[in-house]
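Student: Residue strings, one per chain:
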Amino acid sequence: MAMAALRREGRRFAPLLSPRPIAAAAPRSSPSFLSPEEDVPFGARSISTQVVRNRMKSVKNIQKITKAMKMVAASKLRAIQIRAENSRGLWQPFIALLGDTPSIDVKKNVIVTVSSDKGLCGGINSTSVRLSKGLLKLNSGPDKEPKYVVVGEKAKVQLIRDSRKHIHLTISELTKIPLNYTQVSVLADDIIKNVEFDALKIVFNKFHSVVSFIPTVSTVLSPEVVEREVESGSGKLGELDSYEIEGGSTRGETLQNLAEFQFSCVMFNAVLENACSEMGARMSAMDSSSRNAGEVLDRLTLTYNRTRQAAITTELTEIISGASALEG
Amino acid sequence: MFRHAAKNLLRHRPVPTTSAAGAAAARAPSRTFSADAPAAQTADAGFVEAWKKVVPNIDPPKTPLSFMEPRPATPASIPSKLTVNFVLPYASELSKKEVDMVIVPATTGELGVLPGHVATIAELKPGVMSVHDGNEVTKYFVSSGFAFVHANSFADIIAVEAVPLDRIDASLVQKGLAEFTQKVNSASTDLEKAEAQIGVDVHSALNSALTG
Numbered sequence: 001m002a003m004a005a006l007r008r009e010g011r012r013f014a015p016l017l018s019p020r021p022i023a024a025a026a027p028r029s030s031p032s033f034l035s036p037e038e039d040v041p042f043g044a045r046s047i048s049t050q051v052v053r054n055r056m057k058s059v060k061n062i063q064k065i066t067k068a069m070k071m072v073a074a075s076k077l078r079a080i081q082i083r084a085e086n087s088r089g090l091w092q093p094f095i096a097l098l099g100d101t102p103s104i105d106v107k108k109n110v111i112v113t114v115s116s117d118k119g120l121c122g123g124i125n126s127t128s129v130r131l132s133k134g135l136l137k138l139n140s141g142p143d144k145e146p147k148y149v150v151v152g153e154k155a156k157v158q159l160i161r162d163s164r165k166h167i168h169l170t171i172s173e174l175t176k177i178p179l180n181y182t183q184v185s186v187l188a189d190d191i192i193k194n195v196e197f198d199a200l201k202i203v204f205n206k207f208h209s210v211v212s213f214i215p216t217v218s219t220v221l222s223p224e225v226v227e228r229e230v231e232s233g234s235g236k237l238g239e240l241d242s243y244e245i246e247g248g249s250t251r252g253e254t255l256q257n258l259a260e261f262q263f264s265c266v267m268f269n270a271v272l273e274n275a276c277s278e279m280g281a282r283m284s285a286m287d288s289s290s291r292n293a294g295e296v297l298d299r300l301t302l303t304y305n306r307t308r309q310a311a312i313t314t315e316l317t318e319i320i321s322g323a324s325a326l327e328g
Numbered sequence: 001m002f003r004h005a006a007k008n009l010l011r012h013r014p015v016p017t018t019s020a021a022g023a024a025a026a027r028a029p030s031r032t033f034s035a036d037a038p039a040a041q042t043a044d045a046g047f048v049e050a051w052k053k054v055v056p057n058i059d060p061p062k063t064p065l066s067f068m069e070p071r072p073a074t075p076a077s078i079p080s081k082l083t084v085n086f087v088l089p090y091a092s093e094l095s096k097k098e099v100d101m102v103i104v105p106a107t108t109g110e111l112g113v114l115p116g117h118v119a120t121i122a123e124l125k126p127g128v129m130s131v132h133d134g135n136e137v138t139k140y141f142v143s144s145g146f147a148f149v150h151a152n153s154f155a156d157i158i159a160v161e162a163v164p165l166d167r168i169d170a171s172l173v174q175k176g177l178a179e180f181t182q183k184v185n186s187a188s189t190d191l192e193k194a195e196a197q198i199g200v201d202v203h204s205a206l207n208s209a210l211t212g
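As you go down the protein sequences, you meet chains S and Y in turn.
Sequential numbering of the first sequence, starting at 1, is according to my numbering.
Sequential numbering of the second sequence, starting at 1, is according to my numbering.
Just chain Y, same shape as in the assembly (with noise of 0.2 Å):
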């Protein structure tokens, strides 16, 4: 419902009153900051009318939601590509990638997202995550995270921790895994041995992500 309005919002393109939308005008040319679009103007004018009601003197603050690029709506049809979002604590991987498949480890096993998916969140375990493109395919391995898929194609993974299969040292991921299976073994409360069998999964994981 609020998509529909938003699409209508974005056909018009309205003067902007607010005064989100006239710093907005003003920001338009930084590198960092999408464009922000009208619709953001909606979610936030009943915040900034409740705010200025109880404090008068002071400028409403800012929400995310004027900081970013309104999603497009669900098509009619199913596009040709998903669009892939991998973000990163410390870096965005992906970004608005067009790619034609990608699999994802989800906590039930390979999750393989394609065009027109059915939305769904995922949580996501340690494993590898591959994204293809054509004939080429980038794998990773993540730690953990989430998966979303909307229904328009777009897919958003947030994982904690990403690391391409090749930078992956194989003798050491033997040594943690040995070194965690003695912890679980020898550990005494509950929260120890859940400590260790976290580690043994991730190595496991790790190991198998390195010979399969």
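Isolated chain S (complex conformation) (with noise of 0.2 Å):
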């Protein structure tokens, strides 16, 4: 192996080996192109001082992009984080109001499955995509028919290359304009007048801290799977009999007001939550990510030290052995 590094060092640097002056009196000045050949026997790979700068010069690169991408997530995870806990009361009257069924036996499972179009923020899509493939397992069965609607890009990508036949609706650039309820509430009743569901399950990740999000799955059931759970008369559902309802419209026309209702304000919170975690993963995929490049940079800064001084060494070993040669 150090003959064969040896004879490449050797055919790389042939054509420069003849011309090559002895006199190390001439300009060699500083190691420039393809200068510093350690021929040492042990067939050490001599690195071009070229070659490690253009890599340094690329790290560096990569370094300040990666920290200005920081920086930028940091300032919208700001702005979005305050709007995104202010929205939190607006689902926890439902859920004081209907409870929270996640593992309710129906036909009909729509599986949202909400992520982000950029990428470059950690792993958070990905944990999103496999929750959602998991529910999908643990609701498919004999006649039930689990789908999926996805937002986002980054889980479309992912789940069409697996269950493309259960997807049933895709929603991207969610994020190009500010968030806000009205675009939201659009889009819900979108997927409520295009899919037939009796239990709707939003897959999103719930923004904790810059640093944890959890994976969250929200419950939304159709006004006849609570109508048939009231008749059931079992659970928190069971006691929404006693509720009255003011008005003149049957229980079940409210039930359908409340259930679109519901749908909207959980997926508003959870969007703009999982757009709070976007950002925070991305902050820490890019604080990584530059720290990394700090770190391959300064093991490049040593190497390319280690090389220039030995070219050195090389140099005025050549010097002073050339002229004990002269004078001895």
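Rather than coming from a laboratory, the hints here were simulated on the basis of the structure.
Check each hint, because a few of them may be wrong.
[Claimed, not checked] Listed next, the stretches of chain Y that the computed footprint assigns to chain S, with coverage defined by at least 3 CB atoms under 8 Å from CB atoms of chain S:
#1 44-55
#2 67-78
#3 88-97
#4 106-118
#5 121-129
The structure displayed is predicted, hence computed values, not measured ones.
Note that the Cβ used here is the ideal one computed from N, Cα and C, for glycine as well.
With the hints as a guide, bring the two chains together.
Tutor: This is the structure:
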């Protein structure tokens, strides 16, 4: 292997070996181009400093870019975090009224996966996709037909690969304009109009802190299923019978409006929380990226200096040995 | 039935064994998350078990029940104050505020809610909502939403948009009312007519809120 390395070096520098002057007085200044050949017999590979310098420049650029991306994500996070925290009260009354039954047994499950459009945000999209696939598996059975509604490009790309036939709707570029409730309620309306569902399971990453995101699944039941549970009289929904419906509409109609309203509220909170998690994940991804780039840069600098110093030492040795040969 | 189970669990405060509870203990210092109640575990346990059977490698996802405080059970006697949560998509206006009475604009008219009110689900129409606490009355114009009154004298009001009355510009209201009335008359399709009618309803409610 050492011989092969030497042979490789020989081949590379052969055209230069012949015209190369022994007289080190020749202006072979700082190691430029292809100078420092360490003809050391133990087969050390000599790196040209030009190559190392190019690498250092590109790594430094990467470090700058990732640091800038981290700053941008941090500022976006600050803005959206306030809104997400303010929207957290929105879904609580629904849970207080209807309870939470994620393990309810229904025929038509629709899994709404919320993900980001842009990448470089760590593992949150993969987590959501894995969860969605797990939910699909959990809810697949003889006459159950689970479906996906995918929000965001990243989850779509991953899910299309193996679950293409289950995907019913995809929505992308949701965060192009700043999120607001009207936009999300129109989206929720579209989904409800186009998809038949018994239960909607919304998968998203809940923002807990800048470094921790909790994968969560919220369940919204269709009015028919709620009616069915009320009749069966078990659990939280069984107590719904004791609630009077104000106004002339029947319980069925009120439940219909309630389900739609609940879905839009839960979606709004889910999309905001996911956007927060995306920014936080991007911050930490870019931060570790720039730190890694810094470490690579350090190592490259050491290599560069070593190579440079070795070349200088070689030159000096040549000069001195040349001079002593002349004297002696 | 579930509520009683929740009450018992709350009294005993068992040692957290499930991962959800463990994570809850770690999350406790965060200001936005309320402390998880052990009652939440029973609701999620079924889901967690089913999940573990089918997908053993991945941690089960959390559900919203583990992120909110459980509501207290219905007390034996009627409490003196009503606890109101008034939430909007962009803010929680009132959070667990103890008041004497709220009047909400339900579809059938003004609904006054006092402590001990029977459990009700009411759909709201555009109108004025007022919160009475002692001698002070705060009025908001709400666009629409829902109001839930629970048996334990908790009232949840969820509105899409709400503004205090002094922020409404009367001239714009008149202009909008005229515009939408004209649209109703010139509407061709059912959809346009419905949209214009909604505009008329909201603006006339705004008008009466300002004058009444």
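Student: Each hint should be assessed against the structure and marked as holding or not.
Tutor: Tested hints:
no. : hint    : result
1   : 44-55   : holds (count 7)
2   : 67-78   : holds (count 3)
3   : 88-97   : holds (count 6)
4   : 106-118 : holds (count 5)
5   : 121-129 : holds (count 3)
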